[in-house]
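Student: With the hints in hand, could you dock these two chains into one complex?
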Amino acid sequence: MGKPKLKAALENLKGVDHKLEKQKKLRKKAEKEKKVKLQQKGGLEPEEGDDAETGGVALEPKKSVKGKKNGEKAPEKPAEDEQWETESEEDDDKPRYDLSRLDDSDTSGDDEDFADEDGAPDAEEEEDEDDEEEQEDIALSDIESLASEDKGDIVPYQRLTINNTAALLAAHKRIALPLSKLPFSAHHSVITAEPVQIADIDDDLNRELAFYAQSLSAVRKARALLKSEGAPFARPVDYFAEMVKSDEHMGKVKARLIEDAARKKASAEARRQRDLKKFGKQVQVAKQQERDKAKRETVEKINILKRKRAGAAITAENEPDQFDVEIEDAAVTHRKDRDERKKGGPDRSGKSNPKRRKKDEKFGFGGKKRHNKSGDAESSADFRGFSHAKMKGKPLGGAKKGGQRPGKARRQKAF
Amino acid sequence: MAAVYKALSQPDSKVPKSEGDKATRQRVLILSSRGVTFRQRHLLNDIHFLLPHSRKEAKLDTKTKLYQLNELAELYNCNNVLFFEARKGKDLYAWMSKPPNGPTVKFHVQNMHTTDELHFTGNCLKGSRPILSFDATFESAPHLQVIKELLAQTFGVPKGARKSKPFVDHVMGFTVADGKVWVRCYQINETADNKAQALPEGDVPEAEAPKRGETSIGLVEIGPRFVLTPIVILEGSFGGPVIFENKEFVSPNAIRADLIKSKAGRFNRRAEAETQSRVKRGAFGLTTHGGTKAERDPLDNRELFA
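Taken in sequence, the protein lines are chains A and B. When the letters of the first sequence are read in order and numbered with the UniProt record's numbering, they come out as residues 1 to 415. When the letters of the second sequence are read in order and numbered with the UniProt record's numbering, they come out as residues 1 to 306.
Everything labelled a hint here was simulated from the structure, so no lab data went into it. All values derive from a computational prediction rather than experimental measurement. Fair warning: there could be bad hints in the mix.
Each computed DSBU-like pair below joins lysine-lysine, with the alpha-carbon atoms no more than 35 Å apart [said to hold, decoys possible]:
#1 A/LYS390 / A/LYS362
#2 A/LYS252 / B/LYS90
#3 B/LYS126 / A/LYS254
The following block holds chain B by itself, in its conformation from the complex (with noise of 0.2 Å):
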């Protein structure tokens, strides 16, 4: 079927197939570090389902020595990297690079559930390229902006790419909430509008209710779910400068170290209450050891008669 579609549509593929081409033309090289958790892993491994023209490598060894993947990447003809660096065997750090020397964006991966987990009905094809649905927030702050870029060439996959399929079934979305990026990925479920009318669609208002004869169009979500917070801008490529750095993020290290020592507090607390009060007992004089003993009056028998 396939090879059928091609030869019918060789003719018209041939003419845009040129600069435009090139110039959009991306590979991913998606890995991640070693000490991924099974679930960074199965998020790694749905991304490179969507993205046919992904290239997934072996655990990277180190997560110090980022440089390189550069190396690696122009070893696999890649433009652009996708790098899950594992902390701690909880925390997932989402690199995003444009490898000769265009710039890396860090994002902690929060929130993250696999297409597995999540029981959603959505399906696509495996290699359809997807409709980048972009917030826009993005255009309000250059790193934004620059964020935006990173995201659209990485899970954009580029016409014509090896595995891809010429047709448009499902969308990714891409919002700014919270000083997130929260994706999300729809199937594009579109329905002969007879049907259509029958089944309740509340949240389109009706002005934007499809016409007679028209299909209508509504989502279901394929999965997987995260939400990207950026911590750093670097403006080479996994080095040079930090160009930005995200102010309000809050290491995951420091938030667990927080909780301990606000646990830890409470301890403290109590236990300078006690010292505090055994103190003012020792100053009213009425510990027989230790503590100061209250001063005699001076009119007393004691001092009077000695």
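Excised from the complex, chain A in its bound form (with noise of 0.2 Å):
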């Protein structure tokens, strides 16, 4: 945008008439294809070129009107008015700036750009260019090379594939290390004995087991030449210098470790608790069968054992067997006291439904739960845990303590 107003300025300040201009232009330019022709012709067919230029003054009186107009007809004319002659001497005069070899000068730095940046190769590829075009165009890189004038007819309207292998080898000779003369610690390169393929390049964890093998397979080689070369391969433990990778880097690389295994054992842990949640339950109710298991075979050896006894003693059911020590077990003996008490006694438990009685002993008994825990007649009247030393205060086994404390004298005289 900055040019063309920079132009005008340029234009107004030196009072350049642009239709004047143009058409001092047009007529030199038929001047010289005048003298071309006449050239050409070797002069012998002047009266052509009078002719033309007698066509050219029929029309002369409306010249000075349309000439600023119509600029194609007036070079053809050769004479001219005296005005346009002066204007364009005056102008002549004047320090004037070719504007369009401005212009030319813009395009031309333009096309350099282009010829710099052509290192960089567009997209206008065309693939199915061949060999043989190859050789009838010019290559874009040979255009660099030729004269300035010859360039601007030259329209590079193609890229063509470049390989030039007589000057690439050359270059390569020219840079090329004298690898055979040179020692193997010299210049440390390895080169595989195969080329390496890999197979698919878009799968990550083969093309880079690849590379892998390939660093490995040198590093086991140049390891080997340099042992036989007497050259130092690893670092000595005890060898410490500044590292590639500052210790905050190689911390945060840690770091990174440990709270990767940590996440990864966090996971793992929130799975088993899901896992924990899901069959819970199931388990929860194993357990449950489990224990009444447990019960009811513990109930069945009870029953055995009674059954074996009344073998003994059919009348005896009554409370020495009941209490008996052998058979004894605090919880059934607990409920089975409890149970009696509610029946109101054992000797009513006798009348009762064998099968009423398994199913109070299941499903509970029913009738009112609460004060169950409270004292009732009958319990205020079982004397059973009752004990007269207790409530009098005397010690259980005071005897053995070596009974009453002496009196306070004794005491003093016993220090």
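Tutor: As structure tokens, this is what we get:
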């Protein structure tokens, strides 16, 4: 945007008339053409030129009006107005800036830029281009070396493949190190015996594995070569120096590793918990069943023992049997006690329906559950747990401890 | 420690320091153009750390007058230049050149990952000399040979370079795959054999497995990672005729343009289909306004009794 404005300002300053300029240019061109014609025809046919001129002359009266607009006709005429002539001469005297030149320089600058940039090839790559075409066309790179006059005429419209083998080999030869003469420790470069083949370049794992394998084989080879040359290879354990990665960076890497491990562990734990939750109910049910089974077995055992004893004395299904030491189980006795009490005594149980009894045992007896634990007449009358000595506050093993505490005077005497 | 080592190894190092060292003497000028992103800058730093014989320079102001690099290289006594040219804040091109008159290769850098973002556990001494591992494909074509030589001289730390360490603890791998050069950097991890046998080393075949009493070698990647697509090779240093051009290379600009065009194409196709259907409907004479009317039959009542 800046350029046209600048140009316009320049023109204003210099008072350049565009139309005038154009006309003049055209006139010059026409003159040149005429000259060429003359040269070609060897001056044999000047009449034709004259004819053209006469044609022009016929238009002359209009010309002074139309001249400015109709630029094409004006240059054809050799007999030009004096005015025009003088004006142009004046212009010539002034120091002028050739704007057309300015334009040209701009474009040429662009061309150069393009030439520089075509190191970075553009998209206009034509794949279907063949070798035959290559030979006919002029390569872009060759254009650069051409003279600048010729450059204008050639339009580089295609990108050609360049693979100048001779030049490449020469360049390689120029910079190559004499690897065969140098000891291995001087260059450290290893080349694989066979080209590395990677089936699928997008398969990250196998690709990286191929790279790894290549480097590993190179290291093996290099290590053997260096050992044979007596050059040091591995870093001694006690050799400390600055590393490529700082301690800070390595710390970060380590922290990341730890974090990774911790996350993995946490996720495993979470999964275990989820699974446990899913199967927890089942486990609980199974446990309950197991417990019930154990209880049932115990009860069965008790019953068997009872039946054995019943064979000995059928009549004695009374209290002494109930409190038989051999089969006493705290829980069982306790429950039995409670049941009996609820039923209102042991003798009542004999009357009731065995099925009913069983059901009562299983589902509970019914009736009110309130004040179950509070004392009633029966419990008040129950003196089994009563001890006279306890009530009197006498020590149980009083005799063992050595009797009463001696009096104060006696105690003081003893010390 | 280093001083002690130097003192001890002095008599040895004097012997080979002769023509071999001179022939392989390399110095690399590393710099970038203006407009590099932080990742590209970090990549440059990573490479600079790996090459003790490199000299880092301030960003070059121009992107067109690259021949200035020759003068810069001369100024710093460098016979290699590694220049990163950033374009549009996303594309990175790497130029590798041998300044006075050697060839120049221009690469497009892709799949670039700096050491920072790759959390690899490998590490190596700053300034130790790498082993350069080349794929045999490099010898298959003349342009690849040139590229290999340039890579070897740029990334190979010469013997006796100023800040180099005498040990070998990392390897740089250059592989040609898919017409591109893939660059990797690994730490060489030597472990005592008895330990190594407990370690699972799946990818090492049985025949190659180390014998008893030796140490086994494993590699741990260090970073950075990048892929270089060769674009052109110039005969001179940042100038001269083009002696190789990669036909398969498609500029990232073209790819982006194609993407945009394909998106625009969808709209254009729909718009065109719409106009076509309108024209078609007009031809049937179904619309009241516009379009062509259906021709009247000559036996039509309106014709006969007109």
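Student: Are the hints correct? Go through all of them and say.
Tutor: Right, here's what the structure says about each hint:
Taking the CA atoms of A/LYS390 and A/LYS362, the gap is near 39 Å; set against the 35 Å cutoff, the hint is violated. For the proposed pair A/LYS252 and B/LYS90, the alpha carbon gap of about 27 Å is at most 35 Å, so the pair holds. Note on B/LYS126 and A/LYS254: the hinted pairing holds, with a Cα-Cα distance of about 20 Å set against a maximum of 35 Å.
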